[in-house]
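Residue numbers (my numbering), protein chains in the order written: chain A, 1215 to 1328; chain B, 184 to 769.
It is possible that some hints are incorrect.
As the list claims (entries may be wrong) - To give an idea of the interface, some chain A residues facing chain B are shown, with a C-beta separation under 7 Å as derived from the structure: (1) Val1234; (2) Ala1250; (3) Thr1254; (4) Leu1257; (5) Ile1261; (6) Val1296; (7) Thr1299; (8) Ala1311; (9) Leu1323; (10) Leu1326.
Hints were generated in silico from the structure; no laboratory data involved.
Quick caveat: nothing in here was measured; it's all calculated off a predicted structure.
All C-beta atoms, glycine included, are put in the ideal place defined by N, C-alpha and C.
The lines below spell out each chain.
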Amino acid sequence: MSLLAYLVAVWLFVVGIYGVVTSRHLVHLVMCLSVAQASTYVLLLGIGYRKGGQAPIFGDIPTSTPVVDPVVQALALTDVVVGATVSALLLALAVQAHKRFGSVDPDELNALRG
Amino acid sequence: MALASLAVVVPLVTAALLAGTTSLHARRVADVVALTAAAATAGLCLALVTRSSDHAIVAWLGGWRPRGGVALGIDLYAEPLSAGLAGFAALLTVAGLLVAWHQVDTAGHLFHALVLTFLAGMVGFCLSGDLFTAFVFFELMSVSAYALAGFRVEERAPVEGSLSFAVTNSIGSLMLLVGIALIYGRTGALNLAQIGAALGGHSPDALVAVAFALVTCGFFVKAAIVPFHFWMADAYAVAPTSICLLFAGAMSELGLYGVARVYWTAFAGPLGPHAEALRDVLLVLGLATALLGGVMCAAQRHLKRLAAFATVAHMGILLCGIALLSDAGLAGVAVFVVGDGLVKASLFVSVGALEHRRGSVDEAALYGRGRELKALGTVFAIAGLALAALPPFGPFLGRAMIEDAATKEGLGWIAPILVVASALVGGGVLRVVRTVFLGRGAVPPRHPACREAVAEETDLARGRTPSPTIATGTTLLVLGLAWGLVPGLIDAATHAAARFTDHAGYAASVLRGTAASAPAPAGEAPTAAAWLYGLASGVLAVAFALLRTMPEGPLRALHSGRIGDYVAWTAVGAAAIASVFALTLA
Chain A
1215 MSLLAYLVAV WLFVVGIYGV VTSRHLVHLV MCLSVAQAST YVLLLGIGYR
1265 KGGQAPIFGD IPTSTPVVDP VVQALALTDV VVGATVSALL LALAVQAHKR
1315 FGSVDPDELN ALRG
Chain B
184 MALASLAVVV PLVTAALLAG TTSLHARRVA DVVALTAAAA TAGLCLALVT
234 RSSDHAIVAW LGGWRPRGGV ALGIDLYAEP LSAGLAGFAA LLTVAGLLVA
284 WHQVDTAGHL FHALVLTFLA GMVGFCLSGD LFTAFVFFEL MSVSAYALAG
334 FRVEERAPVE GSLSFAVTNS IGSLMLLVGI ALIYGRTGAL NLAQIGAALG
384 GHSPDALVAV AFALVTCGFF VKAAIVPFHF WMADAYAVAP TSICLLFAGA
434 MSELGLYGVA RVYWTAFAGP LGPHAEALRD VLLVLGLATA LLGGVMCAAQ
484 RHLKRLAAFA TVAHMGILLC GIALLSDAGL AGVAVFVVGD GLVKASLFVS
534 VGALEHRRGS VDEAALYGRG RELKALGTVF AIAGLALAAL PPFGPFLGRA
584 MIEDAATKEG LGWIAPILVV ASALVGGGVL RVVRTVFLGR GAVPPRHPAC
634 REAVAEETDL ARGRTPSPTI ATGTTLLVLG LAWGLVPGLI DAATHAAARF
684 TDHAGYAASV LRGTAASAPA PAGEAPTAAA WLYGLASGVL AVAFALLRTM
734 PEGPLRALHS GRIGDYVAWT AVGAAAIASV FALTLA
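Isolated chain A, as found in the complex (with noise of 0.2 Å):
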């Protein structure tokens, strides 16, 4: 299980960076983005788990009941929220992109050379 994990998370980031560079619309590559972004997160669980863990909250379990780490979930979900921020902001920067350069094929954007 956890080895399945580690190899998905490796996948997600090689592919989420494939698209990145080989990207010719902004939108694909702000997903791209997340894709690789994402990889993080199963990387964080993965990490943090334990076979037959429960969820960690102590609410209705005794407390000796073995649960999955809880740090690396406030790590992704802080992460979550990390990721979020960027997409928002490079997804208005594409807007503005194609409103500035009609068009968004991130090759087409060439104000900026050497």
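Take the given structure of chain A and dock chain B to it, following the hints.
Just chain B now, with coordinates in the frame of chain A:
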């Protein structure tokens, strides 16, 4: 205790207040409130520097102190070097806000709110003693920086520059986060001292080496180390002047600060036996960055890009200082950061003033048009000489300390390379003095990126430079020059650096609350060789400035402006560095 928390809270709460009152459009009130908050933050950080001069200040948020030597809570850790860097960022923020006094477009109070959020991120990052908290502050700083770089969003270039800035730096943040996750998986700790305690005593394996590589690469993207530097010129060329000086003077340096902090608190134990291999890798990266930045700087015709590549070159010099992994090297880095940061900030302010007066940042379009601007030309010339590390100014002292530290480690051969890098940077700036302000020598070819008309950044007529801009630029330059002459600076920096690199002392003061006995090594004044190197780079810079064109080879073509290319370089660079670390450090 509360000082450290206040230094983060003051700018953050003020930013929220300003953002909440943006509909009031009380521009001057916003200016004054933001300036007061930034100045107060600077004051708090400087108070932290003096109070922590004997023993570090550790503030446990919410009172979650370590039990039995195990840290579960989150701490802010202030010592002279970290609080000093935070204070320097706050001082530059004050300068940036003064330059923005006459900026036309501030979108109500939102510009001020963003600047203060940016500052809160930088201060929090400097003071954080917890790796994940540091990451969150790092992201807060980064996201505000993306928005500030693209602030003039109604123009084409800022949109493009901000996009490549945001995408490449997000990839860097992802690498940083993956590295943090791997470290947590291995040690079960996020507190830097706790990580150091968990890793110490074991020889590092491939996982630790790769995690360290990922964290380092994540920080290197922000510090614009080759091959992660491509975004920097694009972002700096488009940001408002008031923001450029913050980017160049503080933000890039924070990337290298992150590497130094994480290495000396968490990894110095396990990686200590492999310090030689680590030093070689970092030195190669630092020298490559210094030379590439220097060549690209000297070859630039776009003045803001020229100043941006000057920053890249100096990041390389700073990385060389850190790569020595010695107290003396780090002391030189600390002195160089402030001296060079002040002079570079004043250079950016001067470029902004020139842009305002003559409506262009293209050297070709400006040829000879600066003859009447004698004061501005003088500032450019002095800044060029100071950036070339001519004695006895601030940048010289820092570089001289790095060179002497390198000689002490038997690496004296890097000094001439640093001389060439500084001379290329100084030569680039001095050539601008020759062409723009003196109108002599060959007319440079036009830069394609300068074709666009420059939009008016300030609300004053072209006839005069805003007086806050003149005052700020001059003050920054004078401070940068005087920095090299501050008495007792070398001793203080050496002492602070010894505290920063004291791996065991850091762990003791965080985990057990014992005041570390501070070793007090005496600093050494620059040797005769360092003075000669300083003079040589000054002379060489003048020689470079007289050259008709700078040979640049195929380097410029690599800086294609394509986001895909930049990300590909980032991925390849990170893979290469991770492989080398896994092979040599594990």
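The hints, checked one at a time:
no. : hint    : in the structure
1   : Val1234 : 5 Å, holds
2   : Ala1250 : 6 Å, holds
3   : Thr1254 : 5 Å, holds
4   : Leu1257 : 5 Å, holds
5   : Ile1261 : 4 Å, holds
6   : Val1296 : 5 Å, holds
7   : Thr1299 : 5 Å, holds
8   : Ala1311 : 5 Å, holds
9   : Leu1323 : 4 Å, holds
10  : Leu1326 : 5 Å, holds
Checked against the numbered hints listed earlier, the structure breaks none of them; every hint is satisfied.
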